[in-house]
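Chemist: Sequence:
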Amino acid sequence: MTNTDKTQGLPGADTGGPGPSQQSSANLPVVYSPRRRRFLVDWLKGLFGMSGSDNVRASISDALEAEVADAGHDQLSAEERIMLRNVLELRELRADDVMVPRADIVSADVNSTLGEVLAVFQKAGHSRLPVVRETLDEPIGFIHIKDILALMTKSATSGRRKKSDAEANKPIDLSKVDLGKTLAQAKVTREVLFVPPSMPAGDLLAKMQATRLHMAIVIDEYGGTDGLATIEDLVEEIVGDIEDEHDDASGPMIVPVSEGVFVADARMPLDEMQEALGDGFEVSEDVLEDVDTLGGLVFSQLGRVPVRGELVSIAGGYEIEVIDADPRRIKRVRIRKSMPADKRRGRVPGAAAAE
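So that you can map any letter, position 303 of the sequence shown is 460 in the working numbering, and since no number is skipped, the others follow by simple counting.
With a Cα cut of at most 30 Å, we get these calculated DSSO-like pairs of lysine-lysine: (1) 280 x 344; (2) 333 x 303; (3) 364 x 344; (4) 311 x 327; (5) 327 x 338; (6) 338 x 311; (7) 303 x 280; (8) 327 x 303.
Since the hints were made in silico from the structure, they are not lab data.
Remember, predicted model here, so these are calculated numbers, not experimental data.
Using the sequences and the hints given, assemble the complete structure.
Modeler: Now the structure itself:
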């Protein structure tokens with residue numbers, strides 16, 4: 158790769174128009190404005206230890222703020238500023254901040270047949286699945302859909318002469334594939350990383366890159382499975398949600414249904430809930446240290462998983478009503494300003510759930 162190749166794509170690069178020789182864009186020099194050159198030089202000096210890392214971080218943060226105030230033509234776009242801020246904030250996140258919680262993990266058992274695993278892949282819409290032995294607390298690796306397809310293709314084309322064009326052009330006969338074979342027999346399970354909840358997200362990203370293992374099981378202090386993190390989860394912390402053609406379109410986390418009444422996903426982060434409802438929705442700092450989501454707030458208030466129709470009053474004059482839950486978790490809630498006691502008399506628990 159040439160030096161020009163390496164610099165293409167850096168923020169602020171400007172390749173300009175073709176010169177008199179009409180040279181190709183791949184060979185054009187990269188041009189930076191003086192201001193961006195200074196910014197890039199300072200950043201690189203810090204990257205290679207030529208100044209304190211805290212000073213470099215502060216300089217980048219200050220430069221981002223300066224870009225907002227500067228109305229010049231060469232300022233960073235809003236998307237670039239957001240991504241750079243997210244990179245700086247990545248060091249504040251831990252594995253348990255970015256992981257998929259245990260309740261949302263979709264897995265495959267090592268004794269499942271290939272046919273059963275394909276059905277799980279089809280239903281979940283994932284390309285990777287953790288492989289467990291009976292329970293999530295016994296993870297042994299992960300399986301990639303490409304490995305199953307490669308195994309099926311190999312089985313379907315077994316017996317063909319490799320150098321025969323006629324044989325190579327024949328349609329694949331999937332009737333030769335034994336979908337009754339288990340994952341253990343197929344031997345297609347890959348290694349998975351095991352990390353503690355406290356591992357910094359930046360370190361986890363670096364470890365995934367170094368090991369080329371893009372899935373990690375987050376293990377709690379007792380050796381049980383706390384959650385699951387993929388390299389996509391980490392990248393999304395920088396660039397935002399990544400949805401491909403197989404992802405279901407997700408609706409908003411909170412929806413207003415009437416004046417002062419909202420229906421929200423129980424997985425909604427508390428800080429986003431505070432932004433949506435304003436200063437009236439108050440959560441103490443002590444609570445924020447222990448729980449991250451709306452469902453976690455309800456659970457912490459009750460000390461158990463509630464049933465449909467239960468009400469929880471919180472500071473700020475709001476009450477949260479559980480409108481959808483199963484024995485393991487809360488799914489949806491209704492939030493409203495607390496009703497006066499005289500209006501609440503005669504209310505039948507669970508009546509709202511039947512609405």
